[in-house]
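Colleague: Sequence:
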Amino acid sequence: MKNLLEDYPLYPVQKFESFQEMLKQSSNKFPNKIALEDLNNTPINRVTYRELLEYVIKFGKALKKLGLKERTHIALIGENRVQWGISYLAITTFNYVVVPIDRNLKENEILTILHQSDARAVIFSESYREIFLEYKRTIKGLDFYIDMDLDTESEGILSMMELIRKQKFEEGKDEFPKINPKEMSALIFTSGTMGSAKGVMLSQYNICSNIIDMRSMVELYPEDRFLSVLPIHHTYECTCGFLCPISAGCSVHYARSLKTVVEDIQKVRATILLGVPLLYEKVYKRITKAIEEDKLKSILVPTLKSAISFVENFGIEGLRKKVFKEIHKRFGGSIRIFIVGGAAPNPEVARGMRSFGFNFIQGYGLTETSPILALNRLRKFKDDAAGLPLPSVQIRIENPDEEGRGEVVAKGPNVMLGYYKNPEATAAVLKDGWFYTGDYGYFDEDGFLHITGRKKNVIVTKTGKNIFPEEIEDHLKKSPFILECVVYAAKDNNGDETIGAILVPNAEEFIEYSQKTGKEVTKDLIEEILKKEVRELNKELPIYKQVRVVRIQEQEFEKTTTQKIKRYLIKQEDSVH
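Just so you know, we're using numbering that gives the first Met the number 0 here: the sequence shown kicks off at 0 and counts up by one.
There are no misleading hints in this set.
Here are the simulated lysine to any residue pairs, SDA-like style, with alpha carbons at most 20 angstroms apart:
1) K565 to E472
2) K57 to K172
3) K410 to N398
4) K135 to R119
5) K266 to I336
6) K558 to P230
7) K32 to Y220
8) K430 to K454
9) K455 to T559
10) K139 to L157
11) K530 to Y512
12) K266 to N44
13) K64 to K167
14) K64 to E53
With beta-carbon atoms standing in for the labels, derived distance ranges:
15) G332 to N179: 42 to 50 angstroms
16) E69 to D445: 46 to 54 angstroms
17) K324 to K281: 18 to 26 angstroms
Please keep in mind that the hints were generated in silico from the structure rather than gathered at the bench. We put the CB at the ideal spot given by N, CA and C, even for glycine.
Produce the complete structure using the sequences and hints provided.
Modeller: Structure follows, in structure tokens:
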């Protein structure tokens, strides 16, 4: 493998092992710079780094004065907002354990996590007030209920704002308690695409090492402005979109909603956006559709792209952003990097976004690894690869087959402490310090890691061939008529195992088709077109990977908050096409 650091060295990053160190460093360097800002109207709308430190210390002291002993577990649930960030940092820097809860969970799921996590207090936004009022009256499972939006205590529910107001802050005085950064500091319950959520135990040392590694591979500037869109309870957004920019003195701006993302990017003139593949697919489709509908642009744009590619061969850079200035203006004119995670993006979308002059990179990781294991860089990337291993991380392929594919196994300071109160599950994935990811992958000749699919999803044919459903799904989604799909092991009419696919039609595409052809969109037409698409796409696959069973459903699949399909909810009935 090539030494990729020879011509592209790592960036220097100031070291820190705890959130206390991280926050003090940033507040000392950037006291008057905006740290966090809500684009919605909330009690604490915007804070500078100095104010962030003050709020964190005041709230941490307030939690202590309530009588909560250090190492107590405190749950946190709410929308992306400044108070969520203050709460997270106050809990962790004052030696409590934070339990971030998915805001989209159902009531019974929220209460289950509160019970499983042994939380003694919960901090929440007003959206959850009724749930916790009822919980307080009927179950009495927690000692303290703290509302971000209440101005004063009501019905036994404490006010976060009132608690903060009662505390004093002494400038320059270090009021943080002593902590061990290698102890559990965050207890995160995984989204569970296979239906089994487990409590992942992470230390501040785990997370801080991951932040330092990421920043050494992708340079951040204090002038960078992050727009926060993804659910902040998720480790990807929390580590990469909240803690990482805080460590570098950047500004984090919380979007009003998913619907207003483009407007919010323009408003704050965001330089960095973290998203999941679905978000970027929609953005890219919007751009290409606008070009296709303009006759002149539909002719000019491909020609311009080819001309720029030719000029770039001579080392001339930066032309794309100038030539496609109009497209960049739609995104505020300042976007520096689009980062995608949570799942593998469509390489065509990545190449397409880059062809318009946007930096587009992806990474790979899991909650259990804080979360990043591999990352593409701005000048060393492959659109079909997960990326290069982080500097502190070792990755190897366990039991590779003849093609070099096997389970991805990782070791490093970012690997979790284990699963909470679940030694059996911990022992199954942590062996001699190595974490068994459950993902299959391989390294190419340039040292880039490629992920082919989940171990649990692999279909093994009668001839012993391994088929990764995710690869076939990505191939099927090349059809504009297929919005989503799930590939699985099906049975044909003879009872033999074959490849099946459940397809969700892309309604927008069928409406456009109807408008162009004048044909009415019926169930029969949808079935005819989708099966024809599958037959055509099958021609590009080896025989053993070809889809032989097709099912069509109108409803989109149920997903986790990072837009991964919950496979365990899918019934796999068969019908041959």
